[in-house]
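For the sequence shown, my numbering gives the first residue as 1, with consecutive numbering after it.
Since the hints were derived computationally from the structure, they do not count as laboratory data. The beta-carbon is built from N, C-alpha and C at its ideal position, and this holds for glycine as well. Careful: at least some of the hints might be erroneous.
[What the hints assert, rightly or not] Computed spacing ranges between beta-carbons, pair by pair:
(1) Leu-113 with Ala-32: 45 to 55 Å
(2) Ala-186 with Glu-123: 19 to 29 Å
(3) Pro-65 with Gly-250: 27 to 37 Å
(4) Glu-208 with Asp-37: 18 to 28 Å
(5) His-177 with Gly-250: 17 to 27 Å
(6) Asp-185 with Asp-222: 43 to 53 Å
(7) Arg-46 with Glu-162: 18 to 28 Å
(8) Asp-216 with Ala-173: 51 to 61 Å
(9) Ala-32 with Pro-156: 21 to 31 Å
(10) Val-159 with Gly-124: 29 to 39 Å
(11) Asp-249 with Asp-81: 11 to 21 Å
(12) Arg-46 with Gly-250: 21 to 31 Å
(13) Ala-220 with Ala-153: 48 to 58 Å
(14) Leu-113 with Val-159: 27 to 37 Å
[As the list claims (entries may be wrong)] Straight-line C-alpha distance at most 25 Å; calculated SDA-like pairs for lysine to any residue:
(15) Lys-215 with Leu-35
(16) Lys-215 with His-270
(17) Lys-170 with Gly-124
(18) Lys-215 with Arg-7
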Amino acid sequence: GEPLVRRVAAWLAASGLRDQIFNLHHHPESIASVLGDGSDLGVRVRYSWEDPVLGSAGGPRHALPLLVDGGARRFLIVNGDTLTNVDLQRIIVDHDGSGALVTMALIPNPAPLRYGGVTVSAEGYVTAFTLPGAESRTYHFIGVQVVDASVFADLPDGVRTESVGSVYPKLMASDPHSVRAFLTDATFRDIGTPADCLRTSLELAEIEGSHLRGKDPRIALDAVVERSALWDDVAVGAGARLTECVVGDGAVIPEGAVFERCAIVAADGHAPHAADRTEGALLIRPFQSGASTR
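All chains, full assembly: derive it from the sequences and hints.
Quick look at the structure:
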């Protein structure tokens with residue numbers, strides 16, 4: 001029942017990282033409402049607003065005035081669509097002792113057909129980034145990196161720019177020791193799609209003995225909810241059946257409705273995607289073919 005973004009914030013806090021900045025874009029209130037100013041977690045939370053989305057390098061560039069506030073010259077960047085338990089203090093120490101401008105946390109690529117790869121030299125420096133499907137042995141970037149502020153300082157603010165797709169290869173071309181690999185056996189859980197999010201939520205619920213119900217669920221006695229995550233204020237009508245679904249805040253599942261392997265949100269306030277369909281007051285997005293929550 002805990003929002004995954006709060007898990008990330010609490011994990012950072014437990015590692016001693018108490019000044020946290022979150023990028024916001026689509027439905028920013030969904031993040032700000034559960035994090036607030038971070039005081040209940042013992043941290044200071046601030047926000048950087050992106051409109052439009054500025055990319056994996058453009059986002060940090062836009063947030064740079066906040067990131068270097070107080071004189072910091074290097075900082076940790078953590079992707080919001082992954083969960084991991086990598087040792088943050090170790091990667092920071094490794095970075096500080098290496099002379100590199102960027103240090104990326106890497107694990108052996110768990111799904112080369114799905115994820116792009118990272119190749120690493122015998123000395124421990126990143127040499128290339130590969131597309132999904134590469135046959136050579138590669139590593140996978142798990143969304144945690146330490147970066148010097150100078151990497152982003154000369155980029156234009158407000159322009160979409162990617163780190164792996166543009167900035168880092170240029171650094172590596174000018175200095176082969178500029179991007180360092182931090183090899184780890186840390187856990188990695190992807191929450192980048194609704195199916196990934198549900199799979200991870202189910203795994204965590206099983207490990208922790210918790211349930212996947214938000215605040216104030218209203219579920220009819222004869223409704224069936226199987227392997228599904230319900231967010232806050234969800235109502236499930238009589239005779240309805242949900243199987244492997246993620247149901248967003250305030251959604252009302254009608255009596256007798258049957259949904260399987262999809263994300264469901266209240267249609268009001270959500271712009272439909274090409275893959276979405278509307279049923280009454282609900283917006284439905286089927287999970288991608290081949291995505292499994294098991």
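Range agreement (Cβ of Gly-250 with Cβ of Arg-46, hint 21 to 31 Å): 28 Å, holds
Between the beta carbons of Leu-113 and Val-159, is the distance compatible with 27 to 37 Å? Holds - the Cβ-Cβ distance for Leu-113 and Val-159, about 32 Å, lies within 27 to 37 Å.
Could you say whether the range 19 to 29 Å given as a hint is met by the Cβ separation of Ala-186 and Glu-123? Holds - the Cβ-Cβ distance for Ala-186 and Glu-123, about 22 Å, lies within 19 to 29 Å.
Evaluate the given range 17 to 27 Å for the C-beta pair formed by His-177 and Gly-250. 51 Å, violated
Taking 43 to 53 Å as the hint, is the beta-carbon distance of Asp-185 and Asp-222 inside that range? Given a distance of about 46 Å, which is inside 43 to 53 Å, the answer is holds.
With the threshold set at 25 Å, check whether the alpha-carbon distance from Lys-170 to Gly-124 stays at or below it. Status holds; Cα separation ~18 Å.
Okay, Val-159 versus Gly-124 on CB: inside 29 to 39 Å? Check passed, 32 Å falls within 29 to 39 Å.
Within 21 to 31 Å: is that where the Cβ-Cβ distance between Ala-32 and Pro-156 falls? Cβ of Ala-32 to Cβ of Pro-156: about 27 Å, so the range 21 to 31 Å holds.
Starting from the hint 27 to 37 Å, judge whether the C-beta atoms of Pro-65 and Gly-250 obey it. Since Pro-65 and Gly-250 have Cβ atoms about 35 Å apart, the given range 27 to 37 Å holds.
Is 48 to 58 Å right for how far apart the beta carbons of Ala-220 and Ala-153 are? Holds - the Cβ-Cβ distance for Ala-220 and Ala-153, about 57 Å, lies within 48 to 58 Å.
Should the hint that Asp-249 and Asp-81 are 11 to 21 Å apart at their CB atoms be regarded as holding? 19 Å, holds
Outcome of range test on Cβ distance (Glu-208, Asp-37; 18 to 28 Å): Because 27 Å falls inside the window, the suggested range holds.
Hint compliance for this structure: hints 1 and 5 are broken, all remaining hints hold.
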